[in-house]
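Asks: Respectively, the protein sequence lines represent chains E and X. Residue numbers for the first sequence follow the numbering used here, beginning at 1 and rising by one. Residue numbers for the second sequence follow the numbering used here, beginning at 1 and rising by one.
In short, the hints are calculated from the structure, not lab data. Values in this document were obtained by computation on a predicted structure and should not be read as measured data. Be aware that a few hints might be false.
[To be verified] Only pairs whose alpha carbons sit at most 25 angstroms apart, straight line, appear in this in silico DSS-like list of lysine-lysine:
| hint | chain 1 | residue 1 | chain 2 | residue 2 |
| --- | --- | --- | --- | --- |
| 1 | E | Lys42 | E | Lys68 |
| 2 | E | Lys37 | X | Lys9 |
| 3 | X | Lys9 | E | Lys42 |
| 4 | E | Lys22 | E | Lys58 |
| 5 | E | Lys22 | E | Lys71 |
| 6 | E | Lys42 | E | Lys100 |
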Amino acid sequence: GENVEQHPSTLSVQEGDSAVIKCTYSDSASNYFPWYKQELGKRPQLIIDIRSNVGEKKDQRIAVTLNKTAKHFSLHITETQPEDSAVYFCAARILFGNEKLTFGTGTRLTIIP
Amino acid sequence: NAGVTQTPKFQVLKTGQSMTLQCAQDMNHEYMSWYRQDPGMGLRLIHYSVGAGITDQGEVPNGYNVSRSTTEDFPLRLLSAAPSQTSVYFCASSPIGQGNTGELFFGEGSRLTVL
Numbered sequence: 001g002e003n004v005e006q007h008p009s010t011l012s013v014q015e016g017d018s019a020v021i022k023c024t025y026s027d028s029a030s031n032y033f034p035w036y037k038q039e040l041g042k043r044p045q046l047i048i049d050i051r052s053n054v055g056e057k058k059d060q061r062i063a064v065t066l067n068k069t070a071k072h073f074s075l076h077i078t079e080t081q082p083e084d085s086a087v088y089f090c091a092a093r094i095l096f097g098n099e100k101l102t103f104g105t106g107t108r109l110t111i112i113p
Numbered sequence: 001n002a003g004v005t006q007t008p009k010f011q012v013l014k015t016g017q018s019m020t021l022q023c024a025q026d027m028n029h030e031y032m033s034w035y036r037q038d039p040g041m042g043l044r045l046i047h048y049s050v051g052a053g054i055t056d057q058g059e060v061p062n063g064y065n066v067s068r069s070t071t072e073d074f075p076l077r078l079l080s081a082a083p084s085q086t087s088v089y090f091c092a093s094s095p096i097g098q099g100n101t102g103e104l105f106f107g108e109g110s111r112l113t114v115l
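Here chain X stands alone, though its shape is the one from the complex (with noise of 0.2 angstroms):
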């Protein structure tokens, strides 16, 4: 039982690339999130889901688009990176209705830096 795996854990990218940051979990989570954490200003959340085929916005949503297919897996795409982008992302994902305590449970985050 792995929890929560992002990938990668560290990328360099210049302004206006694009990338996919990956974050699979094995627990069989219904809910599922993307937070961005920049100094001083906590955990913003960027998209959230609570299925597959359901997306939603967070506070942050701009730059960021995310898609839900199956239940493990929600992938962050950044489709022309900018420098404010540059951050730690963590995803998070927790089970819904019966059986959850509340508990968001983390990855170990992906420290991203664009040039």
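Extracted from the complex, chain E is given alone in its bound form (with noise of 0.2 angstroms):
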């Protein structure tokens, strides 16, 4: 099955710098590479996604980018404020096959005042 691994596990910036956390997947057959923020206590939340068709998407301070080649794909943060702290999760998931989308492990990201 899939396999998800995830750097840093956690990762602290000073406010205004950039932060970088990358991930890479095993299964060829993955096409959709979401990422999600999760507040303390909350459910996790989407904050940007990829299809394995596009190399880069980017939304305001949020970018991602896609390696088919070399099944990595990495969350780009910049300008980065108090609010970005928490923890955050790559995954990999197969539309239009099994459906099954496999987390990895998370990034507490901590921004420094």
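Take the two lone chains and join them into the complex the hints point to.
Replies: Structural data, given as structure tokens:
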């Protein structure tokens, strides 16, 4: 089955600097790669996603890049703000296949004011 | 439109007791799934279903049973609870096929403690 590895497990960044979280996946059939943000005590919420036919996607301060050949994808957050502090999860999913979505183990991002 | 509703939100069990975590969605989603979340281990898939009458195992299915008799409901059963099943459980759903953006919609979570 799919295996998603995520690094780093913790990340501290000065406010205003950029943060990068990296993930790798194992199943070449995976074609959908979302990123979820989870605040303490809350449910995970989708912040950005990318499909396998696209190499990069951007939404304001957040961007995701995908390298299908190397089977890795990354989340980039620029101009970080205190409200960006949370746990971030990458995931991989096979849409129009078994539909299973597999998560990485998460990155705890702390923004230092 | 309530989305994905999980009950109960909190539960304390003794080892060996049984219980059912309920999950219902009112969005007519074909795909439903259960995850458990433990510190440092992310969200691990327990069981999932792509439609009524169809279920399959995820990464950590042992100790859990599921059934999908209707599109709306996907209960998770613990037949004999163990302390290792202490966790936060999330139910999530999505459409499949055309119109599926890929996004999973999560319930609020159920915190289970097994003593």
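Asks: So, for every hint listed, does it hold in this structure?
Replies: Going down the list of hints, with the structure as the test:
1. At most 25 angstroms may separate the alpha-carbon atoms for a hinted pair to count; Lys42(E) and Lys68(E) exceed this at roughly 31 angstroms.
2. A threshold of 25 angstroms between alpha carbons decides the hint, and for Lys37(E) with Lys9(X) the separation of about 21 angstroms falls inside it, so the pair holds.
3. A distance of roughly 12 angstroms separates the Cα atoms of Lys9(X) and Lys42(E); the hinted pair therefore holds under the 25 angstroms criterion.
4. Taking the CA atoms of Lys22(E) and Lys58(E), the gap is about 16 angstroms. The hint holds against a cut of 25 angstroms.
5. Between Lys22(E) and Lys71(E) the CA atoms are separated by roughly 11 angstroms; this keeps the pair inside 25 angstroms, and the hint holds.
6. For the hint pairing Lys42(E) with Lys100(E), the CA-to-CA distance comes to about 22 angstroms; that is within 25 angstroms, so the pair holds.
Checked against the numbered hints given earlier, this structure breaks only hint 1.
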